[in-house]
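Trainee: Please build the complete structure, drawing on both the sequences and the hints.
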Amino acid sequence: MALDGAVKDYGSKKIGPITLRVESGEIVGFLGPNGSGKSTTIRMLLGLIRPSSGSVRLMQSDPIRQHEKALAEVGYSPELPNLQTFLSPRELLDLTGRLRGLSGRALESETPRLLADVGLAEYEGYKISKLSKGMVQRLSVAQAMVGSPKLLVLDEPTIGIDPAGVAHFRSLFRDFVQKGGTILLSSHILSEVEALCTGLAVIHSGSLVYRGELQKFVPTWVGARTISVELGGPADDALVRALSGVRGVTGVKASGEKLLIEVSKEADPRGEISKLIVGSGARLLSMGYSRDELQEAYVNSMRGTIE
Amino acid sequence: MRAGRVLTLSRYEIRRAVARKKVLAVVALTILLDTAPYYALAVAGVSLIPATYHPYLWVVGIFIPQAFFLQFIALLIAAGSMSEEYEQGTAEVLLSKPVSRSEYFFGKYLGGYILLMMVVGLNAVLTVSSATFVFGPQVGLLVLPLVLVVQVFSGLVFYSVAFMIGELVRRSSLSYILSSAIFFTSEIVGIYLTVIYSLTGEAVFKTASLYLPTSPVDSLPLLLAEPRLPGTVQLLFRLGGVGAVETSVAFSVLLIAAYSVVATAIAIAYFSRVDIAKKIA
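As they're listed, the protein sequences go chains F and Z. Position 82 of the first sequence, counted from 1, bears residue number 219 in the working numbering, the numbering being contiguous throughout. Position 190 of the second sequence, counted from 1, bears residue number 266 in the working numbering, the numbering being contiguous throughout.
These are computed hints drawn from the structure, not numbers from a lab. Source: prediction; values computed, not measured. There's no promise every hint is true.
Unchecked claim - Label pairs and their calculated CB-CB ranges: (1) F:D141 with Z:S324: 54 to 64 Å; (2) Z:A345 with F:S240: 25 to 35 Å; (3) Z:V337 with F:K206: 27 to 37 Å; (4) Z:L100 with F:A253: 33 to 43 Å; (5) F:G262 with Z:P306: 51 to 61 Å; (6) Z:V337 with F:A253: 47 to 57 Å; (7) Z:M77 with F:G262: 26 to 36 Å; (8) Z:A257 with F:Q315: 25 to 35 Å; (9) Z:V215 with F:R202: 33 to 43 Å.
Cβ coordinates follow ideal geometry from the N, Cα and C atoms, glycine included.
Mentor: As structure tokens, this is what we get:
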């Protein structure tokens with residue numbers, strides 16, 4: 138999929154120009170605050186709205202002029218899915234399958250398989266209006282996956298789903314990509330993006346502020362990085378001093394059995410740090426970059442400055 | 077445009093319309109009004125109606141609802157067809173599938189129209205069976221298929237107008253109000269123009285009334301059926317206040333087609349160019 142300088146001008150508000158490409162096999166997180174233009178970008182991509190200028194290609198086709206061809210292998214799960222409440226999950230998936238050109242045995246086998254995949258097999262005959270929010274969200278993902286699409290566009294796909302369900306869906310998405318699929322995942326849940334995505338696109342006030350690998354986003358938008366270390370006992374002063382001398386380390390804070398080591402963003406001294414800790418006789422239980430880094434980088438990218 | 081997808085969407089539209097309680101309520105009311113009078117007469121005493129009319133009483137249930145209830149049902153089915161999908165956000169879900177806008181449009185248009193045909197058919201079956209049950213064997217029924225086809229054809233005017241308004245305003249309540257307003261205004265203006273014409277004799281008032289959308293809709297079934305039915309029925313029509321405006325079949329057909337084609341063309345042109353909104357309500 139590719140947006141090339143795509144602009145949507147609503148008169149009072151303008152989204153774009155956005156240039157964004159997602160290549161086959163990627164899981165790209167699409168981040169941005171409310172009203173930044175994520176939904177507009179997705180809707181331009183799906184041919185639901187026309188760009189005022191620029192071009193959009195989806196599966197090598199124009200999603201407005203060649204809508205059927207462009208969408209033939211694309212599944213979409215919208216944010217806060219508004220599904221046909223008078224249908225049952227089975228009927229909705231049947232309808233989706235038929236619209237995707239499935240029939241006969243292919244359709245008969247697809248619907249129960251997908252309902253089982255998303256944990257709704259026992260609710261197949263219920264009216265959608267009777268399902269909980271989390272179940273509707275599950276169903277929305279299932280309808281996006283009908284007909285084995287090659288690209289999934291998922292807008293907040295796990296909102297309202299219980300933790301076990303979230304873990305299951307993440308594994309479902311990873312399987313999908315391992316089988317050759319591509320995912321554009323719009324989400325406000327940074328941990329989800331961090332856990333799933335290899336690529337990242339960040340939009341702010343209608344403009345794309347980052348597009349690249351997720352791993353490179355954090356070093357780009359944080360001033361310093363923090364390595365969190367958990368030891369098997371209290372850290373002694375000698376170890377702290379030794380760690381402070383490691384190249385790239387700008388500060389070390391010890392608090393009981395935990396160490397917070399600030400490092401410059403260009404450096405990655407984790408190897409040397411672990412060697413020093415083990416060499417000092419301390420037990421190293423865990424070590425990794427702080428979990429809040431993506432959030433910090435995201436907030437900085439929104440501000441346009443690094444603090 | 078693939079016929080399979082259009083038919084899938086038509087079936088979906090029938091299902092969706094039936095799930096709406098307001099459509100079902102008006103259909104039930106129409107059926108009640110079609111059949112209840114026969115059973116009321118059965119209770120009150122069949123002898124109240126002169127026996128010469130008994131074999132033709134099916135025409136009452138077929139023609140009297142034509143002018144009002146069948147048009148109103150057409151309007152109700154069509155007014156929410158597009159607008160409710162926008163309000164509920166389901167248009168976005170359907171159109172994110174490999175479905176062209178023309179398939180979506182015609183699928184929904186056809187589905188609603190098939191539902192209207194089913195209502196007209198059900199109305200006929202209930203009417204004829206009620207009349208037969210209460211007043212004995214009915215005659216002159218050979219004309220009934222033609223009447224039903226013409227009723228369904230006449231229904232196109234307000235079906236298309238309401239469909240167009242639903243697409244243009246994308247709000248179901250507004251769509252129902254505007255479509256109903258056009259229907260009632262046309263009926264009322266038609267009555268006024270006829271009264272003024274009969275008082276003044278000025279041809280312009282009669283001509284103006286002929287061009288109102290309700291005029292061909294009300295007249296065409298009667299224009300085609302009356303010559304094929306005996307004088308007894310014509311007397312029955314006059315007793316029931318049913319009457320065609322003095323015009324020709326060709327003019328009525330042309331006017332129905334013109335209103336329907338223009339309204340549908342506007343709806344298609346708008347739908348094919350305008351963005352698909354997210355949930356509106």
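Trainee: Taking the hints in turn, state whether each one holds.
Mentor: Hint-by-hint comparison with the structure:
1. Separation of D141 (chain F) from S324 (chain Z) is about 59 Å and conforms to the stated range, judged on CB atoms against 54 to 64 Å.
2. For A345 (chain Z) and S240 (chain F), the Cβ-Cβ distance of about 33 Å falls inside the hinted range of 25 to 35 Å, so the restraint holds.
3. At roughly 30 Å, the beta-carbon separation of V337 (chain Z) and K206 (chain F) lies within the given 27 to 37 Å, and the hint holds.
4. For L100 (chain Z) paired with A253 (chain F), a C-beta distance near 34 Å keeps the hint of 33 to 43 Å intact.
5. The hint said 51 to 61 Å for the Cβ distance between G262 (chain F) and P306 (chain Z), and at roughly 54 Å that hint holds.
6. Remark: the range hint 47 to 57 Å for V337 (chain Z) to A253 (chain F) is upheld by a beta-carbon distance near 48 Å.
7. Checked against the hint of 26 to 36 Å, the pair M77 (chain Z) and G262 (chain F) passes, with Cβ atoms roughly 33 Å apart.
8. Taking 25 to 35 Å as the suggested C-beta distance range, the pair A257 (chain Z) and Q315 (chain F) does not conform, at roughly 58 Å.
9. Roughly 58 Å separates the CB atoms of V215 (chain Z) and R202 (chain F), a value that falls outside the hinted 33 to 43 Å.
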